[in-house]
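Protein chains: 2
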Amino acid sequence: MKLNSIIVKKFGGTSVGSIERIEAVAERMIKDIQAGQKIVVVASAMSGETNRLVALGNQIDPNYRGLAYDMLVASGEQVSIALLAIAFEKRGYRAKPLLAYQLGIETDNLYSKARIHKIKTEVIENLLRENVIPVVAGFQGVDENMNITTLGRGGSDTTAVALAAALGAPDCEIYTDVPKVFTADPRLVPKAKEVDKLSFEEMMEMASLGSKVLHIRSVEIGAKHNVRIHVRSTFETREGTWIVPEGEIMENPVVSSVTHDPNTVVIKLNPVPAGTDFLAELFEKLAARGVSIDIITQSQSEHGQRLAFSVTVEDLPLTNKVLDEVLFSQKVERITMDKMAKISVIGVGMRNHPGVAARFFQVLAQQGIPVHLVTTSEIKISAVIDSDRMKDAANALHSVFDLDSGSN
Amino acid sequence: MKLNSIIVKKFGGTSVGSIERIEAVAERMIKDIQAGQKIVVVASAMSGETNRLVALGNQIDPNYRGLAYDMLVASGEQVSIALLAIAFEKRGYRAKPLLAYQLGIETDNLYSKARIHKIKTEVIENLLRENVIPVVAGFQGVDENMNITTLGRGGSDTTAVALAAALGAPDCEIYTDVPKVFTADPRLVPKAKEVDKLSFEEMMEMASLGSKVLHIRSVEIGAKHNVRIHVRSTFETREGTWIVPEGEIMENPVVSSVTHDPNTVVIKLNPVPAGTDFLAELFEKLAARGVSIDIITQSQSEHGQRLAFSVTVEDLPLTNKVLDEVLFSQKVERITMDKMAKISVIGVGMRNHPGVAARFFQVLAQQGIPVHLVTTSEIKISAVIDSDRMKDAANALHSVFDLDSGSN
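Same order as they appear, the protein sequences are chains A and B.
Each residue of the first sequence is one higher than the one before, counting from 1 in our numbering.
Each residue of the second sequence is one higher than the one before, counting from 1 in our numbering.
Next up, chain A with everything else stripped away, as it sits in the complex:
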């Protein structure tokens, strides 16, 4: 068996959202098998299921996160892979549903945000040799004590790409409910258009900046292990968007996409307790709980240093808990601004085109949109703005950077 003939195919929640859809996925996969493909299927939970499980847990304790929570939310994938396997068996194809403990998807034990350390491939390789279709539970792993962990929402993408990398497969197909990646979210930016190819780097920025298309770790792993990711629709057969090494794209636009993230919260502290120890302690403790701080700015006020940073709405409770600890008995003004959004433009072409930042701020200024926090990298510019201006900002930026459909 040539290992590089394997294609890992991942199906998201809407793709397996009903019995009819699960059967349609099986039918489609069987066509691929009949066309000579060696396939490995990875599936998410049926759409709505993970939310249902999260809600059950939160009814008991919305603050609890840990081993039991991960076991709870991981059960959704167990259901969908079992159903997929039954759908294959019904059609005369042998299939085996596989949980993380059976496959050996080893992660750290940072529950709800676990990272994959290693995937064993023997089980899958043996099944493929015996013409059994491996149907793998996405989203889950096991820590060194064989406890179930989960990779964070959207983590099934990461399971799929990591599995492709471990198997030495050149491509990984991510089946979803949109036919392509768009230059912006079409619900927010009506003139958004489809993209044929994006570089890993661009997709990584998009994922980290609020695009829900791919789990960011999956793109990182794809880039690192050179697994090309093909994002395509479960409901159409045409090609979708390829995420590939930058060198494979002939000409990069200056800006390839505009992203937005309405789940942003800005926290301001004034004054920051003196010394660098405080900041180190704060950031260490946040990191230990898996909270990643996004944009940070520090400035001088009459009382000392002033600190502002943004986190996701989801991480706000944990962030506040950590702040309560580190600020304990200190006189620090703490302001939480929770109606914030982050708007960003991304493009590897920026590297060779100066002046993108100038145009970016010009547009926001023209629209009368105040900027609260800013950050830039070589290939992106992000600003935190009021969330009620997010739509205006996204459309104006999309237009100014020549992304509107009809323009080229």
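Any given hint could turn out to be false.
Stated by the list, open to error - Chain B residues, not near chain A, derived (Cβ > 10 Å throughout):
#1 Glu-27
#2 Lys-38
#3 Gln-59
#4 Gly-66
#5 Glu-89
#6 Gln-102
#7 Glu-125
#8 Arg-153
#9 Glu-251
#10 Phe-328
#11 Pro-370
Claimed, not checked - On the chain A side, residues computed to face chain B include the following (Cβ under 10 Å):
#12 Met-46
#13 Leu-56
#14 Tyr-64
#15 Leu-83
If you're looking for bench data, these hints aren't it; they were derived computationally from the structure.
Computed from a prediction, not measured in an experiment: that's the story for all the values here.
We treat Cβ as the ideally placed atom computed from N, Cα and C, and that holds for glycine.
With the hints as your guide, set chain B onto chain A.
Frame of chain A; chain B shown alone:
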């Protein structure tokens, strides 16, 4: 730590049927812990959940049973034990939800009807030593290849009693939605009354004859390993019914209960193909698929041997499949009578009281109820009758054997 201070407590589907009930179970268990008990919790899936999962699978293929099906239906317990653990943690008690693969509940690989071979106790003993509450998924095991298996509907009882036996615990508490075991199902027999004690043997017969109170394997294991089973209500604190060795019961009534089972099908074959090979083949093939034949009668007809036997409605599809195989191309009349019920009287006191069978048939005759099949053992008499006469038969037998409340 004295191991015999451990009490295994099992909670059925209605006991964990909602978030409120799960929290109530945690509260009640904490009181037991505060009273000095070392507890191990076993839980079923939330009520309705297993049915929901079965229905999902059946929508794809009602005939498929196997590895994927067991993985599917086992997911319900994963949810309930995770939620229970979160409820304990919220109250400041450390708890660890445990799946079969983590605990080492080893079974054969007869999917959907697996039998426990062995339970490892190290994991639980270590947790108890560290004052962590083990919360064990009922109903599931793993085969020698670490695939999930299930023990049959009601199998969580068996998980609990087997665990108690493995841990050397003298008692196992089965929490359910009724306060005691009754002499008959009160919905069918309004004069049914509560029982304080039953022998293992009586309970085994009851379980095998349609009583849903306990999974039969759990009683077998209790009897074999001398684990007394205490069936009691989750919603009341008073004592329930104890299932104990026969010697512990001072005076046994002739009949201790009347049971009924409306899920009975009678199959008649005429003539049976000549030779003993046919019957051996038929029963072997049924056993291999986990179908147990209940009552069997053979008689002479003008064409040869006539065979009648009963199976559960649930096993009818598999039974027909096997019959299609073994009767292939043979001219045999096959009649399926599917509106049948089995009615039984049980009591260890029967051993010392002749004439019970006579009274049994007298009552049915007086009621004008035809008997299709009969079987007896030392401590029970069963008859298959038309299901529309089940209620009349149950009430008449209950009365004639002095079980009606008010009588003694």
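| Hint by hint, which ones does this structure get wrong, listed from lowest number up? | Violated: hints 3, 4, 5, 6.
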